[in-house]
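Q: Listed below, chain by chain, are the residues.
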Amino acid sequence: MMFTNDSHNAFAERRFLIVDDFQGMRSMLREMLKTCGAKDIDAASNGNEAINMLEKGKYDVVLCDYTLGAGKNGQQVLEEAKFRNLIGLATGWVVISAEKTQDMVLGAAEYTPDDYIVKPVNEATVRTRLLKVMARKAALHDIEKALKSNDYKRAIALCDEQLVARSPYTSDLLRMKTSLLMKSGQNDKAKAVFEQILAQRDIPWAKSGLAKIHLLNKDFDVARRLLSEVVEANRTYLEGYDLLAKTLEEVGELDEAQHVLARSAELSPNSMTRQRSLGEIAQKRGDLEVAEKSFRKTISLGEYSVFKTPAAHIGLAKVCAEKNNTAEAIRVLGEVHKQFDDPEATLHAKVIEGAVQSKSGNLVEARKLAGEVAAMVKDSAARLPAHITLEAADLIMGTGNKDAASELLKIVVQNNHENQQLIEDVKKVFVKGNMEQAGNDLVESSLQEVVQTNNRGVALAKEGKLDEAVTLMRNAKAMMPNNKRILLNLAYAMILAMKKNGRDNGMEREARECLDRVQKLDPGEKLYGEYRAMLETLAT
Amino acid sequence: MDASQASETPDMTMFLASAIHDMKNSLSVLTGFMEDSLGDAALQEQPIYKKMAPMFYEVKRLNDNLLELLTIYKVDRKFYPFDLAEHAVDDLMAEIEQQSGTLLNTQNVKLELDVQEGLYWYFDRDLVLGVISHALNNASRYTRGSLRLAAAEADGFLELRVEDNGGGYPKAMIEEGIAVSRGVSFNTGSTGLGLYFSAMVAKMHKNQGRAGEILLENGGKLGGGCFVLRLP
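Protein sequences, first through last, are from chains A and B. Each residue of the first sequence is one higher than the one before, counting from 1 in this note's numbering. Each residue of the second sequence is one higher than the one before, counting from 1 in this note's numbering.
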C-alpha cells in the first residue's frame with residue numbers, strides 16, 4: 001500500500017492526544033501515529049489527566065478510549081471538553097472502544113464523537129479514519145463557526161452552498177441545516193426538507209425530525225405514529241424512543257411512556273438524562289420502586305459528569321419521603337449541599353427538607369427551615385424556576401407565615417399568568433392556608449396587571465412609539481423575568497424598533513436572550529419561531 | 001425476571017456471549033501481532049513466512065467468525081446499534097482493500113478494484129465491511145491468484161461483488177445461498193455462519209419496501225465464484 005505525501009503531511013502538521021488507561025495501548029497508538037507521520041503526540045492515562053492537558057494545550061485530534069478505569073469515562077471526557085470549550089470546532093474526536101454502542105453512534109449529535117474505532121485497532125484503520133475525520137472537520141469548519149457564534153442565517157447559507165454540489169457530507173449538511181432551521185424558528189422549511197428526504201428513503205433521523213415538528217405543533221397523533229414507525233424499524237434508535245416517550249407523556253399515557261423510557265434507558269445504560277427521565281415519570285406514576293432505582297442510578301452515573309444536576313437527589317429524597325424513610329431523605333438532601341456549589345440547589349434542598357420534616361411531623365424543624373427559605377428567596381424568587389418558588393411557598397404557608405407565602409405565590413402568578421395548571425397549583429396552596437378568597441383575588445389582580453402592561457406596550461408599538469414600548473416592556477421584564485408573554489412582547493417591540501432604526505448588536509442580543517428564555521420556559525410556543533425567524537432575517 | 005432466580009440459573013446465552021467477547025479480544029491481539037510480523041520485510045525473506053500465510057488466514061477466519069457470532073447475538077437481542085448512514089462507496093472499498101492487504105499479500109493474491117465513481121449509498125458501515133471482508137477472506141482461499149472487488153448501482157440497488165478466478169461454487173452451495181437469502185433454516189456444515197451473517201446483514205438494510213439480498217453465482221469477469229451483496 002502506498003501513501004501519499006499529503007496524508008503524511010496531514011499527520012505531521014497536527015497535534016494529537018491519546019487517552020487510554022493501559023500503557024501498552026498508549027504506546028501502540030503512539031507508534032501507529034508516528035508511522036502515519038505524526039510528530040506531536042501527547043498521552044494521558046485517565047479522564048482527569050486528559051482534562052488537565054486539554055485545559056493547557058490545543059489539540060487537533062484526540063484519540064480516546066471509552067473505558068478509562070475509575071473516574072470519568074471517555075464519553076464524559078468528551079462532554080466536558082465540548083461543554084467547557086476546551087476543544088475547538090476543528091478538533092476531531094475519535095473514540096476507541098471494545099465494542100460499538102448506541103451512545104457512540106446514535107447519541108445526542110452535539111456530544112457524539114466524530115468517529116469511533118472498534119478494537120482491534122490497526123494502523124490502516126487509524127490512518128483512514130483519522131484522515132477522513134480531519135477532512136470532514138475542515139469541510140464543515142465554517143458552518144460550525146457560524147453556528148457557534150449563533151449566526152444561523154450564515155450557517156444555513158453555507159450549508160446550502162455546499163449542498164448544491166454532491167458532497168461526501170450531504171447527510172451531515174442536511175442534518176445541520178434542518179437543525180438550524182428549527183433553531184431559528186423556520187419549522188415549515190425544516191419540515192419540507194425532512195419530507196423531501198423521506199420521499200427518497202426512510203431515514204430515522206429525518207423521520208424523527210419530522211415527528212419533532214409535529215410534536216411542537218401539538219399534533220400528537222401524527223408524532224406518535226411517525227415515532228412508533230421509527231422505533232419499530234430501528235429497534236436501537238434512541239432519539240426515537242426519547243421523543244416517543246415525550247409524546248406519550250403529553251397525551252397522558254404515562255404507563256406506556258414509562259415503558260418506552262425503560263427501553264431507551266436499557267439501550268443506553270450509561271445515559272444519565274435517560275435514567276433521570278425514567279425516574280421522573282415513574283415518580284409521577286407512583287411507581288416508587290422504579291423511581292428510586294432510576295434516581296440512584298442517575299446519581300451514580302453523574303458522579304464524574306459535567307452535566308450533573310441536583311434533580312435526581314431531589315427526586316430521590318421525595319421518593320424516600322413517600323416511602324416514609326425520612327432519615328434517608330434527609331441524608332440525600334445533605335448530599336446536595338455537599339456536592340453542589342449552587343444557591344438554587346441549596347435552596348431547593350432546604351425546601352424539600354422542610355417538606356419532609358413537616359410530613360414526618362417534625363414541625364419545629366420544618367418551621368425553622370421555612371424561616372431560612374423565606375429569607376433566602378426574598379430577593380431572588382422572580383428568577384427561580386416556578387416549581388421551586390411554588391414548593392417554597394407551600395412550605396412557608398404550611399408552617400404559618402401567610403404573608404411571606406402570599407408574596408411568593410404572587411410572583412409565581414405574575415410570571416406565569418397564562419399557565420392554567422400552575423395557577424391551579426397556586427390556588428391549592430392558598431386553600432391550604434385558609435386563604436381561598438384572598439388567593440382568588442390575588443390571582444385575578446395579578447393577571448390584570450400583566451394584561452394591562454402588555455396592552456399598553458402593544459398600544460405604544462401601534463402608535464409607532466417603539467422606544468417607549470421597549471422601555472415599558474423592559475421594566476415589566478425586570479419585575480417578571482419569567483413571564484413568557486412579556487418576554488415575547490419585549491422581543492417583538494425590539495424587532496420592530498430594529499426594523500425601523502436598523503440593526504443594533506446590543507438589542508439583537510437582548511431580543512435573542514428573551515426568545516431563548518421563552519423557548520426554555522415553553523418549547524412549544526408558536527410565536528417563538530415566528531419572532532426568531534424575523535430576528536434572523538433582519539436586514540443588516 | 002426474578003432476581004433470586006436469575007442468580008441460580010445463569011443466562012447461558014449471555015454467558016456464551018461474554019466468553020466470545022473475551023476470546024475475540026485474545027484473537028485480536030494475536031491477529032495484530034501476526035499482521036505486524038508479516039509486514040516486516042526481514043521476516044518475508046525467512047522460510048517461516050510461507051508457513052505463516054495459512055496460519056494468518058485461519059486466525060483471521062476465527063476472528064471474523066467470533067465477531068459475526070457476537071453481532072448475530074446482539075441483533076437477535078435487539079441490541080445491535082444499527083447505524084444507517086450515507087457513505088462514499090469508494091471510501092468503503094479503499095478501507096476494505098487496506099484491511100485485507102496483509103492477508104492477500106501473504107497469499108500472493110492480486111486484488112483488482114472496480115468502483116463506480118461518485119457513488120454514495122446508505123448502509124451500516126461496520127456490517128457491510130464485515131460481510132465483504134469475510135467474502136474476500138473466503139475467496140482468497142479458493143482463488144487461483146486473482147480477485148475482483150466491484151461496486152456499482154444496478155436497478156436501484158448498490159451491488160457489491162467479490163469475484164475470483166477459482167473453480168466456482170459447487171451447485172449445492174449456490175442453492176444454499178438462495179435458501180439462506182429466503183430465510184429458510186439450514187443445517188449444513190462449516191460455511192453456514194458466514195452465509196447466515198451475510199444474509200442477515202442484507203435483510204437488515206431496507207428501503208421503501210425492498211430489502212437487501214445476497215447471491216452466490218459462478219462466472220463474473222474472472223470466471224470463478226461470485227459473492228454478491230445487493231443493498232436497496
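Rather than coming from a laboratory, the hints here were simulated on the basis of the structure. Among the hints, erroneous ones may be present.
Chain B regions said to be covered by chain A (calculated; three or more residues, Cβ under 8 Å) [said to hold, decoys possible]: (1) 27-36; (2) 74-83; (3) 98-112; (4) 117-130; (5) 141-149; (6) 206-219.
The calculated SDA-like cross-link candidates involving lysine to any residue, where the alpha carbons are at most 20 Å apart (straight line), are [said to hold, decoys possible]: (7) B/K74 with A/A262; (8) B/K206 with B/D36; (9) A/K499 with B/F33; (10) A/K137 with B/F33; (11) A/K100 with B/L69; (12) A/K100 with B/D90; (13) A/K34 with B/D36; (14) A/K34 with B/V75; (15) A/K119 with B/D90; (16) A/K119 with B/W121; (17) A/K119 with B/Y122; (18) A/K100 with B/D36; (19) A/K132 with B/D90; (20) A/K526 with B/Y122; (21) A/K183 with A/M435; (22) A/K119 with B/D83; (23) A/K100 with B/L129; (24) A/K499 with A/G524; (25) A/K119 with B/Q46; (26) B/K206 with A/L198; (27) A/K100 with B/I72; (28) A/K137 with B/K74; (29) B/K203 with A/F307; (30) A/K499 with A/L460; (31) A/K100 with B/E112; (32) A/K132 with B/W121; (33) A/K34 with B/D90; (34) A/K218 with B/G32; (35) A/K137 with B/S133; (36) A/K119 with B/K203; (37) A/K137 with B/A17; (38) B/K78 with A/E530; (39) A/K100 with B/S37; (40) B/K203 with A/K499.
Ideal Cβ positions, reconstructed from N, Cα and C, are used throughout, including at glycine.
Q: It remains to establish, for every hint, whether it holds in the given structure.
A: Verification of the supplied hints:
no.: 1; hint: 27-36; verdict: holds (count 5)
no.: 2; hint: 74-83; verdict: holds (count 6)
no.: 3; hint: 98-112; verdict: holds (count 3)
no.: 4; hint: 117-130; verdict: holds (count 4)
no.: 5; hint: 141-149; verdict: violated (count 0)
no.: 6; hint: 206-219; verdict: holds (count 3)
no.: 7; hint: B/K74 with A/A262; verdict: holds, 18 Å
no.: 8; hint: B/K206 with B/D36; verdict: violated, 38 Å
no.: 9; hint: A/K499 with B/F33; verdict: violated, 68 Å
no.: 10; hint: A/K137 with B/F33; verdict: violated, 32 Å
no.: 11; hint: A/K100 with B/L69; verdict: holds, 15 Å
no.: 12; hint: A/K100 with B/D90; verdict: violated, 23 Å
no.: 13; hint: A/K34 with B/D36; verdict: holds, 15 Å
no.: 14; hint: A/K34 with B/V75; verdict: violated, 37 Å
no.: 15; hint: A/K119 with B/D90; verdict: violated, 23 Å
no.: 16; hint: A/K119 with B/W121; verdict: violated, 25 Å
no.: 17; hint: A/K119 with B/Y122; verdict: violated, 24 Å
no.: 18; hint: A/K100 with B/D36; verdict: violated, 24 Å
no.: 19; hint: A/K132 with B/D90; verdict: holds, 13 Å
no.: 20; hint: A/K526 with B/Y122; verdict: violated, 35 Å
no.: 21; hint: A/K183 with A/M435; verdict: violated, 44 Å
no.: 22; hint: A/K119 with B/D83; verdict: holds, 18 Å
no.: 23; hint: A/K100 with B/L129; verdict: holds, 14 Å
no.: 24; hint: A/K499 with A/G524; verdict: violated, 26 Å
no.: 25; hint: A/K119 with B/Q46; verdict: violated, 30 Å
no.: 26; hint: B/K206 with A/L198; verdict: holds, 13 Å
no.: 27; hint: A/K100 with B/I72; verdict: holds, 14 Å
no.: 28; hint: A/K137 with B/K74; verdict: violated, 32 Å
no.: 29; hint: B/K203 with A/F307; verdict: violated, 39 Å
no.: 30; hint: A/K499 with A/L460; verdict: holds, 16 Å
no.: 31; hint: A/K100 with B/E112; verdict: violated, 31 Å
no.: 32; hint: A/K132 with B/W121; verdict: holds, 17 Å
no.: 33; hint: A/K34 with B/D90; verdict: violated, 26 Å
no.: 34; hint: A/K218 with B/G32; verdict: violated, 54 Å
no.: 35; hint: A/K137 with B/S133; verdict: violated, 28 Å
no.: 36; hint: A/K119 with B/K203; verdict: violated, 26 Å
no.: 37; hint: A/K137 with B/A17; verdict: violated, 37 Å
no.: 38; hint: B/K78 with A/E530; verdict: violated, 41 Å
no.: 39; hint: A/K100 with B/S37; verdict: violated, 28 Å
no.: 40; hint: B/K203 with A/K499; verdict: violated, 56 Å
Of the numbered hints stated above, those contradicted by the structure are hints 5, 8, 9, 10, 12, 14, 15, 16, 17, 18, 20, 21, 24, 25, 28, 29, 31, 33, 34, 35, 36, 37, 38, 39, 40, listed in ascending order.
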